[in-house]
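J.: Read top to bottom, the protein sequences are chains P and A.
Start counting the first sequence at 308; every next residue gets the next number (this note's numbering).
Start counting the second sequence at 308; every next residue gets the next number (this note's numbering).
One or more hints might be untrue.
All copies of an identical chain are treated as equivalent in the list; a pair is satisfied when it fits inside any one copy or across any two copies.
With a cut-off of at most 25 angstroms between alpha-carbon atoms, the simulated DMTMM-like pairs for lysine to aspartate or glutamate come out as follows [to be verified]:
id : residue 1 : residue 2
1  : Lys353    : Glu321
2  : Lys381    : Glu321
3  : Lys413    : Asp460
4  : Lys413    : Asp496
5  : Lys413    : Glu457
6  : Lys353    : Glu327
7  : Lys378    : Glu499
8  : Lys378    : Asp453
9  : Lys353    : Glu435
10 : Lys381    : Glu402
11 : Lys381    : Glu333
12 : Lys413    : Glu435
13 : Lys381    : Asp460
14 : Lys378    : Glu327
15 : Lys381    : Asp544
16 : Lys378    : Glu333
17 : Lys413    : Asp485
Derived from the structure by calculation, the hints contain no laboratory data.
2 protein chains.
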Amino acid sequence: MTLWVRFRGQDSRESCGALEATGVREYAGVWFDQAVATDVIVPLTKVTLLAPCIPSKIIGLWNNFHALAAKLGKAAPSHPLYFIKPGSCVAGPGEPITRPVGYAGKIVYEGELGIVIGRRCRAVTAQEASACIGGYTCVNDVTAADLLYENGDFAQWCRAKGFDSFGCLGPVIASDFDYLRSRVITHLDGAERQNYPLADMIFSPTELVSRISRDMTLLPGDVIACGTSLGVGSIRDGATVEIAIEGIGSLSNTLAPHPATQFPARAS
Amino acid sequence: MTLWVRFRGQDSRESCGALEATGVREYAGVWFDQAVATDVIVPLTKVTLLAPCIPSKIIGLWNNFHALAAKLGKAAPSHPLYFIKPGSCVAGPGEPITRPVGYAGKIVYEGELGIVIGRRCRAVTAQEASACIGGYTCVNDVTAADLLYENGDFAQWCRAKGFDSFGCLGPVIASDFDYLRSRVITHLDGAERQNYPLADMIFSPTELVSRISRDMTLLPGDVIACGTSLGVGSIRDGATVEIAIEGIGSLSNTLAPHPATQFPARAS
């Protein structure tokens with residue numbers, strides 16, 4: 308069992324590593340199966356944890372839990388239904404969620420399990436998929452909910468969910484994880500809002516990787532966010548959302564309280 | 308005026324370059340404004356042109372031409388409406404379009420102008436946007452049309468348009484291009500199917516870059532496909548689609564005739 312992290316040390320260098328009792332052991336080479344342990348262990352007090360991977364894409368599932376489908380009165384789909392969140396939307400543990408420029412509407416949290424791809428894969432079977440999964444992380448699939456159906460002709464999934472900082476990932480990638488025995492628990496400012504079993508998933512992680520890999524090549528670091536279940540709600544400015552999954556850890560992000568100062572116009 | 312390309316030479320190395328009368332001049336460094344001309348010119352007969360950029364995301368516009376909006380009876384939107392095609396879907400000039408595994412339905416071409424981002428930008432004004440545009444290319448925004456509304460609860464834009472090889476780009480990135488004076492002309496097996504003026508665009512290129520950069524950070528190589536207009540149609544297996552834009556060039560791709568052999572199951 309490895310708990311993979313990415314971190315920034317005091318020299319500002321960004322590295323890949325694994326959590327150990329005394330700190331973060333630095334790894335050299337390319338995550339996941341080409342990463343090589345070094346002799347360097349950095350105390351946790353001297354690192355900033357970053358998002359644990361750098362996805363080229365985040366594939367977000369819609370309607371992938373029986374309980375939420377039943378509540379919404381939707382049939383279970385015959386193939387995974389998904390949107391894409393761009394890599395540019397990633398936020399790491401503790402990083403602020405920033406309100407979009409000029410958007411005063413509802414911003415919603417969704418606590419989810421994230422599958423992190425370890426090896427490039429295309430058109431793999433569900434059996435082969437296990438070997439392509441590098442591990443699992445926590446996801447907060449943040450959404451500017453009022454934009455989703457703002458235009459009656461076109462549901463804006465990619466826009467509403469694609470804003471910078473709307474893809475919170477972390478704190479670690481757990482290499483061994485039994486989703487059938489674990490739950491996603493979401494707290495909003497300390498109050499429990501979601502607590503659902505991952506065993507209620509419609510398409511399992513290996514089934515998701517297999518089916519989606521038939522649609523598109525999955526690359527190391529890509530994330531499949533498995534969808535959410537009951538208890539989604541809105542985040543007030545300044546509120547903190549914590550997504551916890553036993554066996555992985557706890558991911559905490561705060562919606563920045565002063566939106567006007569978050570998006571200076573700039574080209575760089 | 309520079310016509311940027313990416314190419315593979317006889318030594319299998321992939322490089323960035325610019326078209327000149329006698330061949331491709333190789334550039335060193337990072338496209339776009341950090342690329343430095345070298346003394347090497349490779350004859351065109353000794354290179355394979357690749358997709359001219361490596362996008363982290365392709366943002367595809369829906370309903371961005373007045374003529375198509377009128378035909379569909381849709382109002383012009385108040386903000387760009389878009390989906391995301393993943394970087395994994397890119398195909399270069401001459402590369403085959405491959406039919407998705409197990410999909411026997413209609414595959415549709417859409418000839419479009421593509422804006423290629425040259426500099427990282429976030430929340431830029433339309434005036435600032437010009438300096439962030441590295442140039443323009445031709446796009447064939449290929450779609451597995453029967454999947455789009457296959458599920459009555461969720462329009463599958465990202466899936467139907469995200470398959471490997473469904474984002475055809477090229478052949479070059481033209482640094483200077485006046486969209487107001489040019490047309491998109493699509494031929495299917497030599498017969499003209501689209502011929503529409505880019506001046507009919509609802510949101511102009513600089514307006515698109517500005518507005519979308521307020522939603523998400525745009526990175527060098529990212530592509531905004533400006534949407535299509537009248538004349539979209541389906542591609543038979545084995546048929547060739549050519550998207551031509553005066554001032555840029557002509558992008559040609561063939562739908563591979565033997566789908567069963569295109570997607571060997573593999574993990575690598």
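J.: Are the hints correct? Go through all of them and say.
T.: We went through each hint and held it up to the structure:
no., hint, verdict
1, Lys353 / Glu321, "within (13 angstroms within a copy, 40 angstroms between copies)"
2, Lys381 / Glu321, "neither (44 angstroms within a copy, 48 angstroms between copies)"
3, Lys413 / Asp460, "both (21 angstroms within a copy, 22 angstroms between copies)"
4, Lys413 / Asp496, "within (17 angstroms within a copy, 49 angstroms between copies)"
5, Lys413 / Glu457, "within (12 angstroms within a copy, 30 angstroms between copies)"
6, Lys353 / Glu327, "within (14 angstroms within a copy, 52 angstroms between copies)"
7, Lys378 / Glu499, "within (19 angstroms within a copy, 50 angstroms between copies)"
8, Lys378 / Asp453, "within (20 angstroms within a copy, 28 angstroms between copies)"
9, Lys353 / Glu435, "neither (39 angstroms within a copy, 39 angstroms between copies)"
10, Lys381 / Glu402, "neither (34 angstroms within a copy, 40 angstroms between copies)"
11, Lys381 / Glu333, "neither (46 angstroms within a copy, 55 angstroms between copies)"
12, Lys413 / Glu435, "neither (41 angstroms within a copy, 30 angstroms between copies)"
13, Lys381 / Asp460, "both (21 angstroms within a copy, 8 angstroms between copies)"
14, Lys378 / Glu327, "neither (42 angstroms within a copy, 62 angstroms between copies)"
15, Lys381 / Asp544, "neither (31 angstroms within a copy, 35 angstroms between copies)"
16, Lys378 / Glu333, "neither (45 angstroms within a copy, 59 angstroms between copies)"
17, Lys413 / Asp485, "neither (34 angstroms within a copy, 40 angstroms between copies)"
The earlier numbered hints that this structure contradicts are 2, 9, 10, 11, 12, 14, 15, 16, 17.
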